[in-house]
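Asks: This is what each chain is made of:
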Amino acid sequence: MSANIQSVSTPRSGENSWWYLLKIVTGVLLVVLLGIHLVVNHFIGQHGLLTYADIVAYYQNPIIPIMEICFLAVVVLHSLTGLRGILLDLKPSRTILQVIDTFMIIVGVAAVTYGTWLILTIKSRG
Amino acid sequence: MDTQHNRPSPSRFWNWFNPVGRQTSGWAFMLQRVTALGLTFYLFLHLIILGQLAYGPQGYDSFIKLVSSPIFIASELLVVAAAFLHGLNGIRIILTTFGISVTRQKQLFYALMVLALIIITVFGIRMFTV
Amino acid sequence: MSEKWNITLKVSRQKQGEAPHFDEYKIEVNPDEYVLDAVERVWAFIDRTVCFRHACHHSTCGACGMRVNDVEKLTCITYIRDVTHDGGTIKVEPLRNFPVVSDLAVDMGSLYRRLESVGARSVLPVPEAEIERSPSSWSADDGQYIRLADCIECGLCISACPAATTSKDYLGPAVLAGAQANGLKRNPELMNLVDSEDGVWRCHSAFECTAVCPSFVDPARRIMDLRTQIFKERVGSLFRKA
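Protein chains in written order, with our numbering: chain A, 1 to 126; chain B, 1001 to 1130; chain C, 2001 to 2242.
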């Protein structure tokens, strides 16, 4: 006996399994990456990464800039995707959602670009 | 005619932060949302402030002197706390989404929050004694 | 000699066209009576204009759901003793997230329409009912054993859900639980309905629904199970040929 199911088409990419999977994957990565970031900043050496000199020295190891850039990209992705999820709870109209999406893409790309530039600049000072 | 009272509406988003009548994991939801917003705000603030590094040791190290006062360290600890509370609660959410520990999720929440408190204490001790 | 308490019942009042307010009524009750009895006593002997819903008085019909001291309860099985003390006050309000028709009665139409739209069944073969510790003889495949679905459609879960507060189109825990009981294998047409922003992804794992459900439906567990079904289907389809 088939039920009388009215299928509702989703006219926009609100929240769906792929967005959620993105949040989950970036979340799991962050538990590792943010964990490393916090431990390194507070527990490495005598007083953590405090002075300018400490930080420049830290970035000389070739793995570090790669890890930090990955961390930046993942945290920006998780944060903006999560924020988008919260805003979706307010049921924005289709137009407003498009504005939000555009704004987030701009902010996200800008943040990662700026961060990458900063990391590479600091590395080059060593 | 006040027929909007009691209907779902975006303007009632304050209810996300309303502790009245909440059960345990309702608190977890509220915690997750508050820490998410706080951490997002902090993330972008952090990125902007780190731009100070580009101005060389003089500017940055005097900035570090400013933020070494106890009030700043305390607020930094708050950020560390938010990060661990959000992350460990997030692990609970991921596990339950895949059907793991759904029937014991309240106990899992308590266990993870105890773990978070232990980690935060360790960080707190380190941050205030260095 | 049965015990007698003197309590105050603080009832949310709202007629069409008015703003909501509270009216207080002082009544004498036996603490082993139920909150619904107290509301009925107010209606019968003090104020005939108080409007509320009730029917079976034994947690089967789902009609008497209300918020008692800010927590969703089925008032026909909520002892007065459990929510107040002698000389105390019980605050009674209508369920949240449904339009108020009058005082404590709300319009549950959206819930019933949505349950219909996911084809929620009121009778299930026992193997599909997911009862804990059911006797093994009941899981015989011939489907000779059937039972009523646990969900009594009382709406407490939707009232308690923080996501439902802001999203009027959210299907809600009861509906998603009904969809899960159908399962995506049995009804693949459900996929678009549940794998959407107003389906399972609106849920933020607050688990308030399971906490208030009076009928062991455990909607939160069912929503999580639906998510697992959706992931299996979506990710699995990437690996299937054509």
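Check each hint, because a few of them may be wrong.
[To be verified] Computed cross-link-like contacts, DSS-like style, restricted to lysine-lysine with a CA-CA straight-line distance of at most 30 Å:
1) C:2015 / C:2232
2) C:2026 / B:1106
3) C:2015 / B:1106
4) C:2010 / C:2168
5) C:2091 / C:2185
6) C:2010 / A:91
7) C:2010 / B:1065
8) A:91 / C:2026
9) A:123 / B:1065
10) C:2010 / C:2026
Hint data in this document are derived by calculation from the structure and do not stem from the laboratory.
Asks: It remains to establish, for every hint, whether it holds in the given structure.
Replies: Results of checking the hints against the structure:
1. Under the criterion of a C-alpha separation no larger than 30 Å, the hint pairing residue 2015 of chain C with residue 2232 of chain C is inconsistent with the structure, at around 48 Å.
2. Restraint check for residue 2026 of chain C and residue 1106 of chain B: the C-alpha separation of about 38 Å exceeds 30 Å, so the hint is violated.
3. Between residue 2015 of chain C and residue 1106 of chain B the CA atoms are separated by roughly 39 Å; this puts the pair beyond 30 Å, and the hint is violated.
4. A C-alpha spacing of about 28 Å is found between residue 2010 of chain C and residue 2168 of chain C, which places the hinted pair at or below 30 Å, so the restraint holds.
5. With a C-alpha separation of about 45 Å, the suggested pair residue 2091 of chain C and residue 2185 of chain C falls outside the 30 Å cut-off, and the hint is violated.
6. Restraint check for residue 2010 of chain C and residue 91 of chain A: the C-alpha separation of about 34 Å exceeds 30 Å, so the hint is violated.
7. At most 30 Å may separate the alpha-carbon atoms for a hinted pair to count; residue 2010 of chain C and residue 1065 of chain B exceed this at roughly 57 Å.
8. With a C-alpha separation of about 43 Å, the suggested pair residue 91 of chain A and residue 2026 of chain C falls outside the 30 Å cut-off, and the hint is violated.
9. A hinted pair counts as satisfied when its Cα atoms are at most 30 Å apart, and residue 123 of chain A with residue 1065 of chain B qualifies at roughly 23 Å.
10. Restraint check for residue 2010 of chain C and residue 2026 of chain C: satisfied, since their Cα atoms lie roughly 9 Å apart, inside the 30 Å limit.
In this structure, the earlier hints numbered 1, 2, 3, 5, 6, 7 and 8 are contradicted, and the remaining ones agree with it.
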